[in-house]
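So the sequence lines, in the order shown, correspond to chains L and D.
Residue 402, in UniProt numbering, is where the first sequence stops; the numbers in between run on with no holes.
Residue 402, in UniProt numbering, is where the second sequence stops; the numbers in between run on with no holes.
These are calculated hints, taken from the structure and not from any lab test.
Since the structure is predicted, the reported quantities are computational estimates derived from the model, not experimental observations.
Among the hints, erroneous ones may be present.
Which copy is meant is left open, so a pair is good if it fits within one copy or across any two.
For lysine-lysine, the following DSBU-like pairs were computed, each having C-alpha atoms within a straight-line distance of at most 35 Å [what the hints assert, rightly or not]:
| # | residue 1 | residue 2 |
| --- | --- | --- |
| 1 | LYS185 | LYS279 |
| 2 | LYS119 | LYS53 |
| 3 | LYS16 | LYS6 |
| 4 | LYS32 | LYS6 |
| 5 | LYS288 | LYS53 |
| 6 | LYS177 | LYS78 |
| 7 | LYS78 | LYS30 |
| 8 | LYS303 | LYS78 |
| 9 | LYS119 | LYS51 |
| 10 | LYS177 | LYS309 |
| 11 | LYS279 | LYS177 |
| 12 | LYS279 | LYS179 |
| 13 | LYS16 | LYS30 |
| 14 | LYS309 | LYS119 |
| 15 | LYS32 | LYS16 |
Listed below are the residues making up each chain.
Number of protein chains: 2
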Amino acid sequence: MEVELKEVLNELESLKQSIADPSHRAPIDKLKLRVERLAYLGNYGPIRRSKVKDMSAEVVDSNPYSRLMALQRMGIVKNYESIREFSVAIVGIGGVGSVAAEMLTRCGIGRLLLYDYDKVELANMNRLFFRPEQVGMTKTDAAVQTLSDINPDVVLESYTMNITTVQGFDTFMSSLKNKSFRPNKEGSGVDLVLSCVDNYEARMAVNQACNELNQTWMESGVSEDAVSGHIQLLIPGETACFACAPPLVVASGVDERTLKREGVCAASLPTTMGYNSLKDFFPTMEMKPNTQCSNVACLERQKEFLHVKPARDAAARAKMEAEASSETESPLHLDNEWNISVVDESELDKVDVKSSDAPLPEGLIRELPSADEYQTLPAETPVSHVDDLEDLRKQLEALNSA
Amino acid sequence: MEVELKEVLNELESLKQSIADPSHRAPIDKLKLRVERLAYLGNYGPIRRSKVKDMSAEVVDSNPYSRLMALQRMGIVKNYESIREFSVAIVGIGGVGSVAAEMLTRCGIGRLLLYDYDKVELANMNRLFFRPEQVGMTKTDAAVQTLSDINPDVVLESYTMNITTVQGFDTFMSSLKNKSFRPNKEGSGVDLVLSCVDNYEARMAVNQACNELNQTWMESGVSEDAVSGHIQLLIPGETACFACAPPLVVASGVDERTLKREGVCAASLPTTMGYNSLKDFFPTMEMKPNTQCSNVACLERQKEFLHVKPARDAAARAKMEAEASSETESPLHLDNEWNISVVDESELDKVDVKSSDAPLPEGLIRELPSADEYQTLPAETPVSHVDDLEDLRKQLEALNSA
Numbered sequence: 001m002e003v004e005l006k007e008v009l010n011e012l013e014s015l016k017q018s019i020a021d022p023s024h025r026a027p028i029d030k031l032k033l034r035v036e037r038l039a040y041l042g043n044y045g046p047i048r049r050s051k052v053k054d055m056s057a058e059v060v061d062s063n064p065y066s067r068l069m070a071l072q073r074m075g076i077v078k079n080y081e082s083i084r085e086f087s088v089a090i091v092g093i094g095g096v097g098s099v100a101a102e103m104l105t106r107c108g109i110g111r112l113l114l115y116d117y118d119k120v121e122l123a124n125m126n127r128l129f130f131r132p133e134q135v136g137m138t139k140t141d142a143a144v145q146t147l148s149d150i151n152p153d154v155v156l157e158s159y160t161m162n163i164t165t166v167q168g169f170d171t172f173m174s175s176l177k178n179k180s181f182r183p184n185k186e187g188s189g190v191d192l193v194l195s196c197v198d199n200y201e202a203r204m205a206v207n208q209a210c211n212e213l214n215q216t217w218m219e220s221g222v223s224e225d226a227v228s229g230h231i232q233l234l235i236p237g238e239t240a241c242f243a244c245a246p247p248l249v250v251a252s253g254v255d256e257r258t259l260k261r262e263g264v265c266a267a268s269l270p271t272t273m274g275y276n277s278l279k280d281f282f283p284t285m286e287m288k289p290n291t292q293c294s295n296v297a298c299l300e301r302q303k304e305f306l307h308v309k310p311a312r313d314a315a316a317r318a319k320m321e322a323e324a325s326s327e328t329e330s331p332l333h334l335d336n337e338w339n340i341s342v343v344d345e346s347e348l349d350k351v352d353v354k355s356s357d358a359p360l361p362e363g364l365i366r367e368l369p370s371a372d373e374y375q376t377l378p379a380e381t382p383v384s385h386v387d388d389l390e391d392l393r394k395q396l397e398a399l400n401s402a
Numbered sequence: 001m002e003v004e005l006k007e008v009l010n011e012l013e014s015l016k017q018s019i020a021d022p023s024h025r026a027p028i029d030k031l032k033l034r035v036e037r038l039a040y041l042g043n044y045g046p047i048r049r050s051k052v053k054d055m056s057a058e059v060v061d062s063n064p065y066s067r068l069m070a071l072q073r074m075g076i077v078k079n080y081e082s083i084r085e086f087s088v089a090i091v092g093i094g095g096v097g098s099v100a101a102e103m104l105t106r107c108g109i110g111r112l113l114l115y116d117y118d119k120v121e122l123a124n125m126n127r128l129f130f131r132p133e134q135v136g137m138t139k140t141d142a143a144v145q146t147l148s149d150i151n152p153d154v155v156l157e158s159y160t161m162n163i164t165t166v167q168g169f170d171t172f173m174s175s176l177k178n179k180s181f182r183p184n185k186e187g188s189g190v191d192l193v194l195s196c197v198d199n200y201e202a203r204m205a206v207n208q209a210c211n212e213l214n215q216t217w218m219e220s221g222v223s224e225d226a227v228s229g230h231i232q233l234l235i236p237g238e239t240a241c242f243a244c245a246p247p248l249v250v251a252s253g254v255d256e257r258t259l260k261r262e263g264v265c266a267a268s269l270p271t272t273m274g275y276n277s278l279k280d281f282f283p284t285m286e287m288k289p290n291t292q293c294s295n296v297a298c299l300e301r302q303k304e305f306l307h308v309k310p311a312r313d314a315a316a317r318a319k320m321e322a323e324a325s326s327e328t329e330s331p332l333h334l335d336n337e338w339n340i341s342v343v344d345e346s347e348l349d350k351v352d353v354k355s356s357d358a359p360l361p362e363g364l365i366r367e368l369p370s371a372d373e374y375q376t377l378p379a380e381t382p383v384s385h386v387d388d389l390e391d392l393r394k395q396l397e398a399l400n401s402a
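Same shape as in the complex, but just chain L (with noise of 0.2 Å):
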């Protein structure tokens, strides 16, 4: 559009050069003046939003926020505007990344980190967010153009590039650490990382940042036939690292571009958000950290985790036992006439793997409990913090006698 608006320009140009009436030349710079206006518009994009200075609980239609912040006076959350604190960093733009970046725009997350070094494809609009209008751009660019139309608000960083090269994964890193948005921020620049990308090379890079910056993050990935997938939380030292049970792919030390195969490609659907959605089965469980991990800074934030539990859960003990002692119920709803409660879930209890008779070589943790397993297990209670506590006192006193 722009490119023609120029040449219309250009035309104009040679229009008034070309007419000898000066009484006529007047008219004409004021159509340049329009069509050079319609040209800023179409190289900034539609009319969008002004940002918004404070969120507003209002209920009009004109507030991007009231049902959000509806959330605070359901309860849901305590102080929503402090979402604009948050930072986020998303490694991988594709059908996970894009829908997470989006979700958090629309949310009015504070700041985002975009990390892809690929470009939009038409064989991409299987899956939520690209359109085909972005066909050729970086996933970068098209995001952070669609993103800012959303919501102005959020402050976007954009990183074209590999966070698996040498330089890339600098840039990764020195992008972690700036604080420039939150300076007194304690730990690293962001208060997450999400790894939304499709190969084990990269999904490597991003632990070895966040072992070496003992940042939380969360790993994704979708099954080659589109209809499973998995989600998991990493907290460096306190559960399983990505190297502390690798893949078979890594731990073999294959290199997977090789698995890869000519006009051969993956599945993928609109709706996989990381399950088996053919059996409606999501397991759920705990992964330690393997003492014996190959990742030199997994093992230091490990040891670091040891000394600061016991004071962490004695804090979080305290606060739990003073929140339950200061708790009044209020209902939500003052009127009530259909006497209608609230069943309590709070007792539910995830489905922990059960461990089996055979010991395994130290290192190995058991794999997902399959569907007819899931279906056998027997009712299993929490494993509870003073379990965790005698453990840790067993280890320490091991640690202190050796």
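Starting from the known structure of chain L, fit chain D onto it as the hints suggest.
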């Protein structure tokens, strides 16, 4: 943009009229043509991808269906391209309906029928799909704009109206009956109706239409606090209809509009897809039709279902047996050096609601199990086809002897 381009056109015309020298008219006419072309483009949106005649499985970046056709190679679907014969009606183009429409559009569904009477507001920007530049447009117009850009292969029908009015309901019914898209289709003109509305009056209207047309549909809902919801599949005569076990507000005959309070709105999040997200708790259950249902069309469908069920069950069993005997186990990948095998999850059961010993009044069914009950429920075997047939035989005998 179009308005301003038209003004440019008008000014070019008056310039042309005011210029005495006719040799200057030709370049002005050429300019006018250029600007007209720009106005046309502006009117019809950005440059789109062209329509695709047949879906191709070719793995090239320019193929919008490569990742979807891969589902066929992976054995997930038998004939992906048959999706182009299907019609889906979506009632309510809000946070749920718009995303359902976008997913189906990206999958290459044959035809979408969209119903909504509302306009896009900035207050809707907390959900996916709509963009601030669409504020003020009807939701149906904005959806058609976005969806036709994403995939011009999909036939889009837009109904800007309220299906709960007498006239709106008539249009709704006749649009569902229309078979011009696939004249030899059995039953109604659509394959599925998705109810994505935010009030019970509209749900009852969809229920009425689907019962009358013997049309399978799905109902969805999100709680006022945005963190839980439900999805329900309704097959007239076979499962409970929406009036078989109506929500309390419907059963008590209160006008739900009187329940809404000034200055209060429901919360919503871009992520809500329908379950208790805070507890990751999503129970599944079957609801049989209520033989005392207040909906006359539902009772007719129940009667029809009882007549066709024995033949249907026998056909399904014969097909299953034929498939089991003809199935050959061919591996997806020819090479399997790590001996990776697929764990059989086919035995996974749905959680059945445990019926209490206390009898319930006729026409009432037990509520959802709480998360506590869920935890202590023993795994039950699924209802087998044989049991169903036994039940049915007894019912038919009772009918015949009456």
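For each hint, the structure was consulted:
1. For a Cα distance limit of 35 Å, the shortest separation of LYS185 from LYS279 across copies, 30 Å, qualifies, whereas the shortest one inside one copy, 43 Å, does not.
2. Taking the shortest Cα distances, LYS119 and LYS53 sit within 35 Å of each other both inside one copy (34 Å) and across copies (25 Å).
3. In this assembly of identical chains, the alpha carbons of LYS16 and LYS6 lie at most 35 Å apart whether taken from the same copy (15 Å) or from different copies (21 Å).
4. Taking the shortest alpha-carbon separations for LYS32 and LYS6, both the intra-copy value of 10 Å and the inter-copy value of 14 Å come in at or below 35 Å.
5. For the identical chains of this complex, LYS288 and LYS53 are neighbours neither inside a copy (43 Å) nor across copies (52 Å), given an alpha-carbon limit of 35 Å.
6. Taking the closest pair of Cα atoms, LYS177 and LYS78 come within 35 Å of each other only inside a single copy of the chain (28 Å); across copies the shortest separation is 49 Å, beyond that limit.
7. With identical chains, the CA atoms of LYS78 and LYS30 are never at most 35 Å apart, being 54 Å at best within one copy and 62 Å at best between copies.
8. Taking the shortest alpha-carbon separations for LYS303 and LYS78, only the intra-copy value of 34 Å comes in at or below 35 Å, while the best inter-copy value is 52 Å.
9. Both within a single protomer and between protomers do LYS119 and LYS51 lie at most 35 Å apart by alpha-carbon distance, with minima of 29 Å and 22 Å respectively.
10. Taking the shortest alpha-carbon separations for LYS177 and LYS309, only the intra-copy value of 25 Å comes in at or below 35 Å, while the best inter-copy value is 65 Å.
11. In this assembly of identical chains, the alpha carbons of LYS279 and LYS177 lie at most 35 Å apart only when taken from different copies (33 Å versus 41 Å within one copy).
12. Taking the shortest Cα distances, LYS279 and LYS179 sit within 35 Å of each other only across copies (34 Å), while inside one copy they are farther apart (44 Å).
13. In this homomeric assembly, LYS16 and LYS30 come within 35 Å of each other (Cα to Cα) both inside a single copy, at 11 Å, and across copies, at 14 Å.
14. In this assembly of identical chains, LYS309 and LYS119 lie within 35 Å of each other by CA distance neither inside one copy nor across copies; the values are 44 Å within and 53 Å between.
15. In this assembly of identical chains, the alpha carbons of LYS32 and LYS16 lie at most 35 Å apart whether taken from the same copy (10 Å) or from different copies (15 Å).
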